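Can you make the complete structure from the sequences, with help from the hints?
Under this note's numbering, residues 1262 to 1716 are what the sequence shown spells out, in order.
Since the hints were derived computationally from the structure, they do not count as laboratory data.
If you're wondering where the values come from, they're calculated on a predicted model, not measured in any experiment.
Quick reminder that beta carbons are idealized off the backbone N, C-alpha and C, glycines included.
Check the hints yourself; a few may be wrong.
To be verified - Okay, the calculated beta carbon distance ranges per label pair:
#	residue 1	residue 2	range
1	S1268	R1349	30 to 40 angstroms
2	W1429	G1373	39 to 49 angstroms
3	S1268	W1429	43 to 53 angstroms
Stated by the list, open to error - Derived DSSO-like pairs (lysine-lysine); straight-line CA-CA distance at most 27 angstroms:
#	residue 1	residue 2
4	K1278	K1467
5	K1472	K1277
6	K1472	K1278
7	K1467	K1277
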Amino acid sequence: MGAQAPSAAVERTAIKKVSVRLVPFVALMFFVNYLDRTAVSFAEPNGMGQDLALTAAQFGFASGIFFLGYIVLEVPSNMALHRFGARRWLARIMVTWGIVSLLFTWVSSSGGLYALRFLLGVAEAGFFPGAILFLSQWVPSRHRTKILGLFYLAQPLTTVFGAPLAGWLIGRHGLLGLEGWRVMFLFVSLPAIILGVVAWFYLIDKPADAKWLTPAERDWLTTELAAENAQKTGHESKHAKGDLKKAFTSGRVWTLAAVYFGFVYGLYALAFFLPTIINGFQEQYDTTFSVMDKAWITAIPYLPAAVVLFFWSRHATRHGTRTWHVAGPAVVGGVSIPLALYMGSPAATVAVITVTACAIFAALPVFWSVPSRFLTGAAAAAGIALINTAGNVAGFASSYITGWLKDWTGSYYVPLYLVGFFMLLSAALMIWLATRHRTDEPAADPEHDAMEALR
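Structure, rendered in structure tokens:
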């Protein structure tokens, strides 16, 4: 008992230091990443769409082609991160995407917009799965849901703070002789370049090199992580190549990719089209909103989503991740999003959309705690990147299909029903996956043990 108390104290202080030293900085990187990725959604209804003569389908294609660029280099980029280290690779990614984002300031045609969105995806490739992998290499699995939950807070908070910021910048029309939406692109791109330079000096690749940990904390983290990794697919051994192949051929990895597809389909349908839908309230409900009014309304669903994300992740950490921590929110989101179509006022519509946003963001950090439970090393880099690639396919599909269906049908009814379908499909697949491995996989299989933790 006396030996356990010091160990518990070392564990507590080590996790606290990682949470304070690394998580906020990586979350800030994610905040800037998501703001640059979705800035186009604020620009389109505030001058860019008119200046570039974009239809809904063209805007959807421009939004979605980002993900095709991302897919091209997704897995290679994450493998490079595994080889060269997170500090160098994440810093390189940030500086590159910041430079490409800066070029949006001077885009002058739909073709130029398509090209830059594609290049932005190429530049950003590997950032999100790389950040997930990086944080997963710093804490044992029992703390991972909490850590990833804190990291994931950056995504909804990006809209909470980013939408008003974008609205304020757009309101600076005429600054430097630029239209408001061009001013926005100019100023939201610069933080990525600055943070990329800082990351090169600030981040550390592994606990063993962290001078801000005590020797006892470094030893505890290194020992705990090594013990976990030895039980996982892809641990560093002479069989690493075979384990990497196993990660690519794992039915669990591909099913998790399909689950993630449904969540991301809903996430980016909202991210890219919510500002446009809100802009449409003016004609639909015969009202008028200023640029800042639209920015604040866009931000409304994401603040409750951040709160729900935080407490949902804490619940999963304290009580153990279960299937319903992922499948339950998928059902709520799948049912709620079509209901938004039948509300009779802007306030009621935004309230229902808020429920959908809460559901999506509650599930995502819990979901991402699963793959790293049975994958490590090169297999983790490839497996996490593969799952995220499915999300990028969903990002392209939801952006383009939503815009195309809006032009074809004249409304958002069909597009939002499709969002609901994919989220319900994610719930069904998550339940099927847990049920299948409870009955088919032997308990000694490390992958089975990981899925057992979901029940």
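Quick rundown of the hints versus the structure:
Range check, S1268 to R1349: about 33 angstroms between beta-carbon atoms, so the 30 to 40 angstroms window is met. In this structure the hint that W1429 and G1373 lie 39 to 49 angstroms apart at CB is violated, the actual value being about 26 angstroms. Range check, S1268 to W1429: Cβ separation about 50 angstroms, and the 43 to 53 angstroms hint holds. About 14 angstroms separates the Cα atoms of K1278 and K1467, which keeps this hinted pair within 27 angstroms; it holds.
Taking the CA atoms of K1472 and K1277, the gap is about 15 angstroms. The hint holds against a cut of 27 angstroms. Among the hinted pairs, K1472 with K1278 is consistent with the structure: their alpha-carbon atoms are about 11 angstroms apart, no more than 27 angstroms. With a C-alpha separation of about 16 angstroms, the suggested pair K1467 and K1277 falls inside the 27 angstroms cut-off, and the hint holds.
Checked against the numbered hints listed earlier, the structure breaks hint 2 alone; every other hint is satisfied.
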